[in-house]
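Trainee: For the record, the sequence lines run as chains A and B.
Under my numbering, read the first sequence as residues 177 to 641, first letter to last.
Under my numbering, read the second sequence as residues 1092 to 1487, first letter to last.
Source of the hints: derived by calculation from the structure; they are not laboratory data.
Treat the hints loosely; a few may be bogus.
What the hints assert, rightly or not - Taking CB as the label site, the calculated pair distances span: (1) A:Lys326 x B:Gln1146: 49 to 55 Å; (2) A:Glu245 x B:Asp1400: 40 to 46 Å; (3) A:Thr284 x B:Asp1467: 28 to 34 Å; (4) B:Arg1359 x A:Lys466: 47 to 53 Å; (5) A:Arg251 x B:Glu1308: 38 to 44 Å; (6) A:Glu256 x B:Glu1263: 50 to 56 Å; (7) B:Asn1273 x A:Asn432: 43 to 49 Å; (8) A:Arg251 x B:Asn1245: 30 to 36 Å.
For glycine and all other residues, C-beta sits at the position ideal for the given N, C-alpha and C.
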Amino acid sequence: MNRPFQIIVSLPGILLLSCLLMAAGRQQSTEQKKPERQNSTANKPAPEKGADAKGEQAKKRELYGNVPEDLAPFRDFVDEPYKRYFVPSDSAVAFWGPGRDKPEPDVTSVKIGLLAPMERSHETYIGRSIFRGMQLAIDDANSAGGYKGKPFEIVARNDSGLWGATANEIVSFSYDDQVWGIIGTVDGANTHIAIRVALRTDIPMVNVADLDATLMETRIPWVFRVIPDDRQMVYTIAYYVYKQLGLQRVAILRANNRYGRFGVAHFKKSSIRLERPAPIEVNYEVNYSKVNLDFLTQMERLQKGQPDAVILWADPEPAGLLVKKMREVGMKIPVIACERVISPAFLKAAGAAAEGVIATSPYNPDANNPKLIAFKKHYQEKFGQQPDGYAAYTYDGTQMMIDAIRKAGLNRYRIRDVLSEMRQWEGVTGPILMDDVYTNRRPVSVATVKDGKFVFGLTRFDHLF
Amino acid sequence: MMDRKVIARGIFLLALLLPACLSGLSREKACENAPVIAADEQEPRIYTNWETFHQKDGLPAEKIYCIVVDGNKVWAGTDNGLALFENRKWKSFGVKDGLSFPAVLALAIDPATHDVWAATMRGLTHISAGRFKVYTQLNSGLPNDVVFGVCVENQNVWTATTNGTARFRLAENKWDVYTPANSPQHEPWGYFVTYNDGKVYAALWGGGVLEFDIATEQWKSYLDPDGEMEIDVLRDDGLIHVITTSVSYVEKILWVSTYFGMSRYDGRHWRGYIEGDSGLPSNFINMVKARGRVAWVCTDRGLGTVNGDTNRWVSYVPTDPVWAHKRTPGPEDTPLEGTQGWEARIYDDAKLLKTIKLAEGLGNNHINGVDFQGDDVWVATSKGVSHGVWKEAAVK
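Whole structure, please, built from the sequences with the hints as guidance.
Mentor: So, in structure tokens, the structure goes:
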């Protein structure tokens, strides 16, 4: 066999040829579709050629996580992957082990664990909201008679953010504190650690503030998440910047931790699948105040990327400082941010530069929902401030846990079972629509800074995932 | 003219499928060369004699996390202490005896000294000549107190924790901790460790499998090629998923369990197994351990065994379990647990060949661990320790 032919038929040769052809195909396809994108306002994914309406509907049902058809992984390479997980055709995420026949013990109070960063963490602003939301739900439940006349009680433990510390806390909840369920946590890394231990100790967890998509993609049947995840957020953003605004070069600016890295992960994938990969991804250190307060390095790198817009995944204060710095160096491009920036701390740090910043939100706090209105009033009276999204979702998540305990009795296995049956729940945040991995798939909301305040629903988004 | 994109897709698929095709050919060849043996003696064997031990028999708890055999002794790690089976009697050890915590997640025996290493939810306990010594993150280099896995490699003890995989050099009293800073992993989430044949394998939560070559002290990483959590794009293209739960390396075959199915790697070719394309009782696998060419697969819905050379399966599953009818029984519903017995199902790949009703089944379908004692097998279930007694006469 002559050498050139050998190279072509070898595996690397085939892959190389394949990549070259795909690149050519992509270029051709981009060129062909350009005019359509520039004028695109309908933004509905085009149906597959030859697929009838029924077939299309069936296919959509089998896509996990509300992923739009045109953002589905490997759709350019295979019509159907070998196996889809977390969809109705997959085995249910369920606990098939024993334990439901364990008798109910005699207790003086019904303990529920709270694991959240309340001190020594850059996320205490979320942890404290979680605590307040849970406190309100527990107070309401006890006012309504508790559990068979016995009060519900919070057992709070700090999520310090140190690697592995969460594991020790779950062990303490399970064996020392004897709680019936756990509310929390915030950070993706810590939550992954926590759920692995919860799986071994057989204890239900309701997550109220961790948007890391991978958390629920682990098949652990003991964890339920009431807050919509980052998939919903970034699909909304991707459709907005690419399909609705028709932008080409959208840069990423994020925290240099798991929250930032995984928060933007599906946005990066979406950008590639829509054939507009992010021109640059810049991160900042979480302890920025000690290493790089002026963010000049980040600004320099961002400017070199010449972006049309920036996706910002950061905690409120650094996010505000970054936006302020962007405006100072002359970057007047749109900024679309994560839900964490919807905070007074962001507005304070950014000052006038906050004007026009858009953020996705897990719910609409201005919705005309009687339950929400009553909750906000009650919260204001008790804590002297308005609740944020984390407090609201914690209130709902705690209420679900309490409801499950009341229905199931004091048995962790039955409490888990009842939680798994709660596929639709009307809470203060609106509808909670749990999917096959027990995460809330309700459409997210959007907020825009106008006149120094976040105004919800101001900017028109054609697709809210 | 054919679209360039279509051609590219074709070539891309061809490139990805090529190893799988070669794998198929090699399997066929292996089957051709396999010795001709009677159907009843084919591996995996069919175990029809089972006995199960519960708390009433002397176990400290019903929930058994792990089991390990040391000659005539059987050690079981439970939710409430460590248990030793010797001379047909169970003896328990708890915190009062020196165990660091009641919940024992993993066990390892030092083959040279017969010392026991118990990985608990609050530290690592070393049991040597009747004495207990506890290692925690505060008194040693143990990365975290929740120890998911432990194994002995020569004079070293390896642990899998949520804060890194560690090697404890016992003779020197030194700890080496492997994290993203010094090994190819994204997060330091150890879940399982095992040693055999000069290599330590670590199953990482979200990080696939790490291989550590003792001779060269080099790490190698195995990841899911498609990199997606919600799909497996192609069968047999590599590790089935990055959420790995255990590893077994026997006779140069690497078996990897996940909560999404199982993978087998012979050094050249990968093979994936999921529910529906094999006799695997469930994709949710807590542990896999091989004996010879056969892997024993501990799932949440039964115990599977497979010969990777022939893809013949024997799976032990409950008949008509309560949970199959009503997944979430209410407090008033009885019974909340139980089955109409057990059966062994024999498969050729995914094709069910035969079902054998068992007079006695396993303690529970939720299987956490397995180990071997000669021809016998010991199984850790969430409701007791089960013992599969090999009696050729029973099959004949």
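Trainee: Starting from the hint 40 to 46 Å, judge whether the C-beta atoms of Glu245 (chain A) and Asp1400 (chain B) obey it.
Mentor: holds (41 Å)
Trainee: I want to verify a distance hint. Is the separation of the beta carbons of Asn1273 (chain B) and Asn432 (chain A) within 43 to 49 Å?
Mentor: At 19 Å between Cβs, range violated.
Trainee: Has the hinted range 38 to 44 Å been met by the Cβ atoms of Arg251 (chain A) and Glu1308 (chain B)?
Mentor: For Glu1308 (chain B) against Arg251 (chain A), whose Cβ atoms are near 42 Å apart, the range 38 to 44 Å holds.
Trainee: Check the following: the C-beta atoms of Arg251 (chain A) and Asn1245 (chain B) are separated by a distance inside 30 to 36 Å.
Mentor: Given range 30 to 36 Å: violated, Cβ gap about 49 Å.
Trainee: Against the range 50 to 56 Å, how does the distance between the Cβ atoms of Glu256 (chain A) and Glu1263 (chain B) compare: consistent or not?
Mentor: At roughly 54 Å between Cβ atoms, Glu1263 (chain B) and Glu256 (chain A) fall inside 50 to 56 Å, so the hint holds.
Trainee: Given a hint of 49 to 55 Å, does the C-beta separation of Lys326 (chain A) and Gln1146 (chain B) actually sit inside it?
Mentor: Check failed, 29 Å falls outside 49 to 55 Å.
Trainee: Mind checking the hinted window 47 to 53 Å against the Cβ distance between Arg1359 (chain B) and Lys466 (chain A)?
Mentor: holds (50 Å)
Trainee: Kindly confirm whether 28 to 34 Å is satisfied by the beta carbon distance between Thr284 (chain A) and Asp1467 (chain B).
Mentor: Violated, since Thr284 (chain A) and Asp1467 (chain B) (Cβ atoms, about 47 Å apart) do not stay within the stated range.
Hint compliance for this structure: hints 1, 3, 7, 8 are broken, all remaining hints hold.
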